[in-house]
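Chemist: Sequence:
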Amino acid sequence: LKAYWRGSEENNEALRTSAIRWLRGEFSTKTEARQALGVRTIIDDENTYDALKALGGFVRIAGYAGLMVMFDEMVNIYNLQNSQARKQNFEEILRIVNDALQGNTSGIGFVMCGTPEFLLDTRRGLYSYEALQSRLAENAFAKGGLIDFSGPIIRLQNLTPEDLLVLLSNIRAVFASGDPKKYLVPDEALTAFMDHCNKRIGEAYFRTPRTTVKAFVQFLAVLEQNPGAKWQHVLGGVEVAPDTGNVDQSEGAQTETEGSDELTSLRIGT
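Each residue of the sequence shown is one higher than the one before, counting from 37 in our numbering.
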């Protein structure tokens with residue numbers, strides 16, 4: 037962080053870039069980091085979690101309440117073919133879970149997103165690691181429509197058409213910077229868009245809405261950049277395909293080929 041500040045003061049773009057690379061964990065050797073920044077450590081598999089906690093402390097010093105870290109596509113760990121690699125990832129997750137449940141950290145929170153199999157599979161999922169299974173066990177009383185959001189696991193339900201309508205409304209608001217006067221389409225366009233999607237891919241348009249949301253964003257982008265276009269005309273040309281999960285599968289396959297790595301790769305973005 038000092039190197040980044042110094043690079044900014046001296047207008048040294050190379051120094052700033054090197055500092056960002058270090059924070060992202062992109063230096064592969066300590067020698068390279070020492071030559072670029074004069075430091076003797078790097079962020080690697082063994083200290084990634086500690087580096088995130090340190091960054092959370094800095095964020096609090098900077099005046100924020102803390103740092104929220106999200107790990108998406110955790111199913112990639114489930115797809116690892118190397119059992120030792122999976123175990124080492126599970127041990128890192130256990131460190132995070134233990135600190136969170138025991139109150140050993142402050143100013144940092146973690147959200148991990150994965151499929152039910154990633155959690156529940158007793159052969160390859162988190163439940164295959166006994167210590168994690170006991171800590172992540174769900175409330176036995178939360179059954180028959182009863183819910184409990186106080187535990188470490190939150191099961192996400194499929195969206196309903198009403199939920200998707202709210203989501204599309206919020207996306208429309210984002211495009212308008214929150215100003216209703218700048219909405220690109222009226223309310224009737226939202227329901228018309230949903231009907232358009234329903235006719236093409238059926239209930240999948242709201243149950244697995246990734247492609248639906250992407251199509252709606254593209255729909256608004258065209259209208260935003262072509263002020264004279266009528267939304268009814270543009271809507272007729274919108275193509276929507278069902279979400280087959282190809283992205284997730286390809287990412288999982290890529291991870292499998294790298295099964296010899298101790299931990300899955302982590303990129304800390306800016």
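One or more of the hints may lead you astray.
Only pairs whose alpha carbons sit at most 27 angstroms apart, straight line, appear in this in silico BS3-like list of lysine-lysine [stated by the list, open to error]:
#1 235 with 217
#2 250 with 218
#3 123 with 89
#4 217 with 266
#5 89 with 38
#6 250 with 217
#7 179 with 218
#8 218 with 266
#9 250 with 235
#10 66 with 89
#11 250 with 266
With beta-carbon atoms standing in for the labels, derived distance ranges [to be verified]:
#12 191 with 86: 39 to 47 angstroms
#13 71 with 47: 15 to 23 angstroms
#14 186 with 227: 32 to 40 angstroms
#15 139 with 47: 14 to 22 angstroms
#16 71 with 264: 50 to 58 angstroms
#17 75 with 197: 23 to 31 angstroms
#18 96 with 159: 22 to 30 angstroms
#19 71 with 194: 20 to 28 angstroms
#20 183 with 253: 27 to 35 angstroms
Honestly, the hints are just simulated from the structure, not real lab data. What you are looking at is a predicted structure, and each value in this text was computed from that prediction instead of being measured. Don't be surprised by glycine CBs; every beta carbon is placed ideally from N, CA and C.
Chemist: Check the hint pairing residue 218 with residue 266 against an upper bound of 27 angstroms on the C-alpha distance.
Modeler: holds (15 angstroms)
Chemist: Does the alpha-carbon distance linking residue 250 and residue 235 stay inside the 27 angstroms limit?
Modeler: holds (17 angstroms)
Chemist: Run the distance test for residue 217 versus residue 266: straight-line Cα separation, threshold 27 angstroms.
Modeler: Holds, because 17 angstroms separates the two Cα atoms, which is no more than 27 angstroms.
Chemist: Given the hint of 20 to 28 angstroms, check if residue 71 and residue 194 actually sit that far apart at their C-beta atoms.
Modeler: Violated - the Cβ-Cβ distance for residue 71 and residue 194, about 52 angstroms, lies outside 20 to 28 angstroms.
Chemist: Are the Cα atoms of residue 250 and residue 266 separated by 27 angstroms or less?
Modeler: Measuring from Cα to Cα gives roughly 20 angstroms; hence the hint holds.
Chemist: Residue 71 and residue 47, beta-carbon distance inside 15 to 23 angstroms?
Modeler: holds (21 angstroms)
Chemist: Quick one: are residue 75 and residue 197 within 23 to 31 angstroms, going by C-beta?
Modeler: Check failed, 53 angstroms falls outside 23 to 31 angstroms.
Chemist: Please verify whether residue 179 and residue 218 have alpha carbons no more than 27 angstroms apart.
Modeler: violated (44 angstroms)
Chemist: Taking the CB of residue 139 and the CB of residue 47, does the distance hold inside 14 to 22 angstroms?
Modeler: Since the Cβ atoms of residue 139 and residue 47 sit about 44 angstroms apart, the hinted range of 14 to 22 angstroms is violated.
Chemist: Verify the proposed pairing of residue 123 with residue 89, using a straight-line Cα cut of 27 angstroms.
Modeler: holds (22 angstroms)
Chemist: That 32 to 40 angstroms hint for residue 186 and residue 227 (C-beta), does it hold up?
Modeler: holds (36 angstroms)
Chemist: Per the hint of 39 to 47 angstroms, is the separation of the Cβ atoms of residue 191 and residue 86 within bounds?
Modeler: Given a distance of about 30 angstroms, which is not inside 39 to 47 angstroms, the answer is violated.
Hints 1, 7, 12, 15, 17, 18 and 19 from the list above are not met by this structure, while the remaining hints are.
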